[in-house]
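Colleague: Sequence:
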Amino acid sequence: MGTLFSVIIPAHNEEEYIGKCLRSIKRAAEKVPDKVETVVVANRCTDRTAAIARHYGAIVVDNSDMCISSIRNAGVRASGGSMIVTIDADSRMSPCSLAEIKSMLGSGRYIGGGAMPKFDRMSLGIAVSSAYVALNLIPVMIKSGGMLSGTMFWCMRKDFDRIDGFDESLVSLEDMDFARRLKALGDTCGKKYGTLRKSRVITSSRKFDEFGDWYMLKNRKLTKAIFTGKDRKAADRFYYDVR
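FYI, in my numbering the residues of the sequence shown are 1 to 243.
If you're looking for bench data, these hints aren't it; they were derived computationally from the structure.
It is possible that part of the hints are untrue.
Claimed, not checked - Cross-link-like lysine-lysine pairs, in silico, DSSO-like; alpha carbons within 27 angstroms at most:
1. Lys-102 - Lys-221
2. Lys-26 - Lys-198
3. Lys-31 - Lys-221
4. Lys-221 - Lys-158
5. Lys-191 - Lys-158
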C-alpha cells in the first residue's frame, strides 16, 4: 500500500510538545485504512526533539534554515504521500482529522483548506490579543478573497506543487499567503477552500507563556512589523531567537 498521507511538522527544540503532537497523529491515523507517514523537520535542534520523533516512527530531516516556509517545504520534499498535511509541533489534531480531510478531498469539491484553532488555555489577555490580531488581518483577508482558516493545512501534493508550496521570501504570514494562493488555484478549477468542521486543532499558548498574555498589545510596533511578512528582525525576535 502506498503512502496516502504525509504529515509535515516543523520543529525547533520541541521536546516538551512533539510527543503530544505525534500521539495525536497516531490516533488520527487509526481512523483511516491508509498508510500515514510523519516527517519531522528538526530545525537547529539542540534538545531531544529528533530522538523523540524517531521513537514515534517519524522520518526526521535535519535543517538549519531560519525561514518557516523553507522548513515546511523541506519536509514536503522528503515525503511521499499524495495528500499533504502540515501541523505545528506544539499543536494536536483531533482523532477524526485525517478521516475528515480524506472525505473532503475525496469529494472533489475542495482544493484543500485549513482548520480552526483552540488554545490549550484561555485568559482575558489571550482573548483580547487574538481579537486584535484578527482585526488587523481582516483587511489582508478581504484582499485575499475572504476569511481563510489556517492552523493545519491540507491539500493534494499535486496542488501543493502547482502553487510552489510555501513562499520562501516571507519570514512571517507565510500561512496566510499559502491559503490565499491555494484558494486562488481552487477558483480556477471550481473547487472551494475548506475548513474542517468536525476537527479542531489544539494549539499551545506557549508564546503567551513566554512573552505574557498582553505582549502583542503592549508591543504593537513589533506585531505590525510581523504582519508585513517581510521584517526579518521582527520575525527573529518573535519566532527564531527564542528557545
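Colleague: Provide an ascending list of the numbers of those earlier hints which the structure does not satisfy.
Modeller: Violated: hints 1, 3 and 4.
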